[in-house]
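Chain H is fixed; fit chains X and U onto it per the hints.
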Amino acid sequence: MTAQDVMVVSGTEPRNERALRRQARGEQGRLVALSVPAFFLVGALVLVPMGWLFWLSVYGSDGFTVENYTRLLHPAYKETLITTFELAFLVTGLCVLLGFPVAYMASQLGPRWASLVMLCVLFPFWTSLLVRTYAWLVLLQRRGVINSWLMDMGLIDTPLKLVHNFTGTTIGMVHIMLPFLVLPLYASMRTIDMDLMKAAANLGASPVRAFWGIYVPQTLSGLGAGVILVFVLSLGFYVTPALLGGGRVMMWAMQIERSMAVYGDWGAASALGVVLLVMTLGILWVLRRLTGASAGSGGH
Amino acid sequence: MKSSMTDAGATSVGPAAHAPDTEHSLPISVQSLVKSYGAFRALDNVSIDIRSGEFMTLLGPSGSGKTTLLMVLAGFVRPDSGSVTFGEREILLLPPHKRDIGMVFQNYALFPHMTVAENLAYPLKLRRAGKAEIRDRVERALDLVQLSGLGGRGIHELSGGQRQRVALARAVIFEPRILLMDEPLSALDKNLREQMQIEVRRLHEQLGITTVYVTHDQREALTMSDRIAVINDGRIQQVDEPRDLYEKPSTYFVANFIGETYSLPVEVSGSSVMLFGQPIKTPAPPEHGDRHQALILRPENLHVFEAEPDPGMNSMAGTVRQHVFQGDSIVTYLTVAGDREIAVRRQHRSDETLPAPGS
Amino acid sequence: MSVKRKIITATAIGALASVTTGPAFAQEAITIASWGGAYQEAQRKAWFDIVEEELGIEVLEDTTSGAADVRVQVASGSPTWDLVQQGNYTCALLEKEGNVEPLSPEVLAVPGIPDSMKGDGWIGNLVYGAVLAYSDEAYPDEKPDSWVDFWDTETFPGPRSLRRSPVYNLEAALLADGVPVDELYPLDVDRALDKLREIKDDVMVWWSSGAQSAQILQDREVDMAMVWNGRAQSIADEGAPVSITFDEQVVLSDCWIIPKGAKNKDLAMKAIEVMSRPEVQARIALFINYGPANLDAFDTGVIPEDVAMGLPSHPDNAAKGFVLDAKYWAENLDRLTQEFDFFIQE
Numbered sequence: 001m002t003a004q005d006v007m008v009v010s011g012t013e014p015r016n017e018r019a020l021r022r023q024a025r026g027e028q029g030r031l032v033a034l035s036v037p038a039f040f041l042v043g044a045l046v047l048v049p050m051g052w053l054f055w056l057s058v059y060g061s062d063g064f065t066v067e068n069y070t071r072l073l074h075p076a077y078k079e080t081l082i083t084t085f086e087l088a089f090l091v092t093g094l095c096v097l098l099g100f101p102v103a104y105m106a107s108q109l110g111p112r113w114a115s116l117v118m119l120c121v122l123f124p125f126w127t128s129l130l131v132r133t134y135a136w137l138v139l140l141q142r143r144g145v146i147n148s149w150l151m152d153m154g155l156i157d158t159p160l161k162l163v164h165n166f167t168g169t170t171i172g173m174v175h176i177m178l179p180f181l182v183l184p185l186y187a188s189m190r191t192i193d194m195d196l197m198k199a200a201a202n203l204g205a206s207p208v209r210a211f212w213g214i215y216v217p218q219t220l221s222g223l224g225a226g227v228i229l230v231f232v233l234s235l236g237f238y239v240t241p242a243l244l245g246g247g248r249v250m251m252w253a254m255q256i257e258r259s260m261a262v263y264g265d266w267g268a269a270s271a272l273g274v275v276l277l278v279m280t281l282g283i284l285w286v287l288r289r290l291t292g293a294s295a296g297s298g299g300h
Numbered sequence: 001m002k003s004s005m006t007d008a009g010a011t012s013v014g015p016a017a018h019a020p021d022t023e024h025s026l027p028i029s030v031q032s033l034v035k036s037y038g039a040f041r042a043l044d045n046v047s048i049d050i051r052s053g054e055f056m057t058l059l060g061p062s063g064s065g066k067t068t069l070l071m072v073l074a075g076f077v078r079p080d081s082g083s084v085t086f087g088e089r090e091i092l093l094l095p096p097h098k099r100d101i102g103m104v105f106q107n108y109a110l111f112p113h114m115t116v117a118e119n120l121a122y123p124l125k126l127r128r129a130g131k132a133e134i135r136d137r138v139e140r141a142l143d144l145v146q147l148s149g150l151g152g153r154g155i156h157e158l159s160g161g162q163r164q165r166v167a168l169a170r171a172v173i174f175e176p177r178i179l180l181m182d183e184p185l186s187a188l189d190k191n192l193r194e195q196m197q198i199e200v201r202r203l204h205e206q207l208g209i210t211t212v213y214v215t216h217d218q219r220e221a222l223t224m225s226d227r228i229a230v231i232n233d234g235r236i237q238q239v240d241e242p243r244d245l246y247e248k249p250s251t252y253f254v255a256n257f258i259g260e261t262y263s264l265p266v267e268v269s270g271s272s273v274m275l276f277g278q279p280i281k282t283p284a285p286p287e288h289g290d291r292h293q294a295l296i297l298r299p300e301n302l303h304v305f306e307a308e309p310d311p312g313m314n315s316m317a318g319t320v321r322q323h324v325f326q327g328d329s330i331v332t333y334l335t336v337a338g339d340r341e342i343a344v345r346r347q348h349r350s351d352e353t354l355p356a357p358g359s
Numbered sequence: 001m002s003v004k005r006k007i008i009t010a011t012a013i014g015a016l017a018s019v020t021t022g023p024a025f026a027q028e029a030i031t032i033a034s035w036g037g038a039y040q041e042a043q044r045k046a047w048f049d050i051v052e053e054e055l056g057i058e059v060l061e062d063t064t065s066g067a068a069d070v071r072v073q074v075a076s077g078s079p080t081w082d083l084v085q086q087g088n089y090t091c092a093l094l095e096k097e098g099n100v101e102p103l104s105p106e107v108l109a110v111p112g113i114p115d116s117m118k119g120d121g122w123i124g125n126l127v128y129g130a131v132l133a134y135s136d137e138a139y140p141d142e143k144p145d146s147w148v149d150f151w152d153t154e155t156f157p158g159p160r161s162l163r164r165s166p167v168y169n170l171e172a173a174l175l176a177d178g179v180p181v182d183e184l185y186p187l188d189v190d191r192a193l194d195k196l197r198e199i200k201d202d203v204m205v206w207w208s209s210g211a212q213s214a215q216i217l218q219d220r221e222v223d224m225a226m227v228w229n230g231r232a233q234s235i236a237d238e239g240a241p242v243s244i245t246f247d248e249q250v251v252l253s254d255c256w257i258i259p260k261g262a263k264n265k266d267l268a269m270k271a272i273e274v275m276s277r278p279e280v281q282a283r284i285a286l287f288i289n290y291g292p293a294n295l296d297a298f299d300t301g302v303i304p305e306d307v308a309m310g311l312p313s314h315p316d317n318a319a320k321g322f323v324l325d326a327k328y329w330a331e332n333l334d335r336l337t338q339e340f341d342f343f344i345q346e
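Protein chains in written order, with the UniProt record's numbering: chain H, 1 to 300; chain X, 1 to 359; chain U, 1 to 346.
In isolation and in its complexed conformation, chain H is listed as follows:
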């Protein structure tokens, strides 16, 4: 044994320092390696297709072109864009109005009843979209269940126009979208400490004030998630507006489909896709700022 060995063992230098650092580096390396598949997945499934989409929209057979975008200046596209966002906003708003009480009720019930309510909310998920949409036709059309019933009751003389228009599309879409709002909202409501409501009452807040001032702000994160889900999904809707809209409700997705299937125009379809993507991201950004701001400054 040399003198140097003794010194190391005696601890005048930090012991195992090198080996420990090597271990830490190894661990880091393994973590990075683990995330590599995720990077590739995101790259291959999101970034590459989106880049390709954008490329197709600006590069035609004659080189670079903005033609695919200028053709969108036709008023028909403007109308479609307005309809699409109008419908998405309306559906989202109605889902909030209908979904909030449902989620609230479910969150206040005991576990057995709550799961029953949630079962009812989720039930539409297990039925085909087409079946549900056709079922609405049976209910809403001119000689459908609702109109026949109202006429038999003598409440109306001529059938109400409930379907093959904006109204019918909205009804059908709200029905399909409701679970997407209720689920995250319910999840956030479940975690709300109901003692907060007691505290509010104790401090002098009437039930109504406590609800708006204390309860609702706690639901904003879940509500925000639900709203964004419903809104984004609604923007891309196709089947329901096509079947319940009577051909009047033209959605952006229908324009994309038509560009592809009828004209085979990848450039036009890509441009439509890019525009929808940009608009959606824009709206999301605004929504984020709105809900983020209100969550942070609820009391001001």
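Note that these hints are calculated values from the structure, not bench results.
Remember, it's a predicted structure, so these values are computed and weren't measured experimentally.
Where hints are given, some of them may not hold.
[Claimed, not checked] Incomplete in silico selection of chain U near chain H, CB under 10 Å:
#	residue
1	M204
2	Q212
3	D334
We put the CB at the ideal spot given by N, CA and C, even for glycine.
For chains X and U alone, coordinates are given in the frame of chain H:
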């Protein structure tokens, strides 16, 4: 108002006796309160009078009904029958938000979407206080709980103790005349808990507010209260000052629940009490004539002698099993009369030698 | 155990299939893609069997859902289909895009198929009509039999339906506005849209699929509609009180195209020639409710008279209407669809 106060059997006023301040506090009178959940009686004909400005602790094991009683006072539990008056006003039919009482919740129930200052301002805003007044009172409340300068913090940025202080400040900022506290310190660690006990007590003395405090921790109850109401099975067992409760428990339950105790069976005939066939001296004659009763022993009142003690003292023979060192004291576990275990606590002195186990 | 056996069977079939199409095998084959279902089964019985017999080749089948499939195959450089069925103006559209092989003079010279049903790279094979269909319950006495009647909401009140496309709506509107049939093309689009605007509020549904058009007639969601004759006929056959008129019908034809660069295009060309002959064309009416594109087929005696009278391409019926100008639509579809979309949403 004072005429409605009844003496609940205590013979003296508590240690923190001060003149009842009717401007800042109100007496509470609970009469014949009954609350059943199915066959279970959470409150079984409960009556209790709490004096104006008093610090009253409701003490009992979990499920005893102490929290139910507090919740009835707060208005969150609707009883089957009975009466609760604050001062002369019957409040049982009022909704919680009209009762004007402060409350500190077990988990603090601070509003997470508001800052500390916003939490404190909330009850003032509900009472339509002006902006300047709110700012002023929030400032003073923060001072009161020694959190000056933290008004802008979010609730999530606070430590447990700080949250506790905010909850306290919020409960009293609107100057309620009654304060309810539901096991407010149970979430804190031991050191902080003891510190906060003093803090709460200090606040009480400063504000003079009638306080009803619920806990299952007897040490906490003994430390803080003017009087303690021991509750079990939905019934009030005994209402007394801490000292009396400790020294003169009126029921077997109270005796067992308060402090560390060991009980030994005794036979009573007339005024004589027999322990394992030996007569013993008692400070007072037995209160009732049942033949089989229990002798309650507290470890700190017993002594271990290796030699035969003074014949004037009550004594019995036993075998030392084990010594347990607890820092400031040493507990010696013994067996008496074959299989009965008792314990003896004594101050720890380093020069002392202990009887060996088995002797 | 059973899983293993399945895999072995599948492999065996795969091997067999590759042998059948392999060059070492004497028999040649072509692949035809059509709409599938009952439609393609009828084509198999009426035409493909004859082709196999006549040319001594094998006809392999696939299904297509429209022009997009053809574009993708052509773009890939080696189409797997040799012959593809498409809907009327889509053939002309694909030809315009340069996605089809020009047809041989022999094919285009087959007598009996009107010039309006063929182009340089496509030829009609099946005829159907966009016809006026109406509810007999809604109109028990006087029946509508023209586009003027369709526009006449006084005499014939009730909700209507049109296809959600400018194709043949513009034609119907111009006819209703008094434009003679032979002056329809090129379409006066503004005039047609103005006319459509008149009944816009009475059009309850702009249908987008054949199934939907049948459903709304059957459920009496609408009382009058312009639909494909086969759809209206099938619900009428099921007992729905729905009638159709061939008066002023828009005669439409489905058609064959050979994708650009198809491997067996010469064989495919021969197959088209066989299937276009009057006596072969006629057979289709025996298996499905569509008419032959070759009008000479009605002279072959193959189609029973009562069946023939129900077909849109029967000379009597065809004479009542006009043939859609597929070339016009191939040229103008994109622009007019935009105009029409705007009209619908305005």
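Hint check:
Here the hint on M204 of chain U is kept, as its CB sits about 5 Å from the closest CB of chain H, short of 10 Å. At its closest, the beta carbon of Q212 of chain U sits 7 Å from a beta carbon of chain H; the interface hint therefore holds under the 10 Å criterion. With a least beta-carbon distance of about 6 Å to chain H, the hint placing D334 of chain U at the interface is held under the 10 Å criterion.
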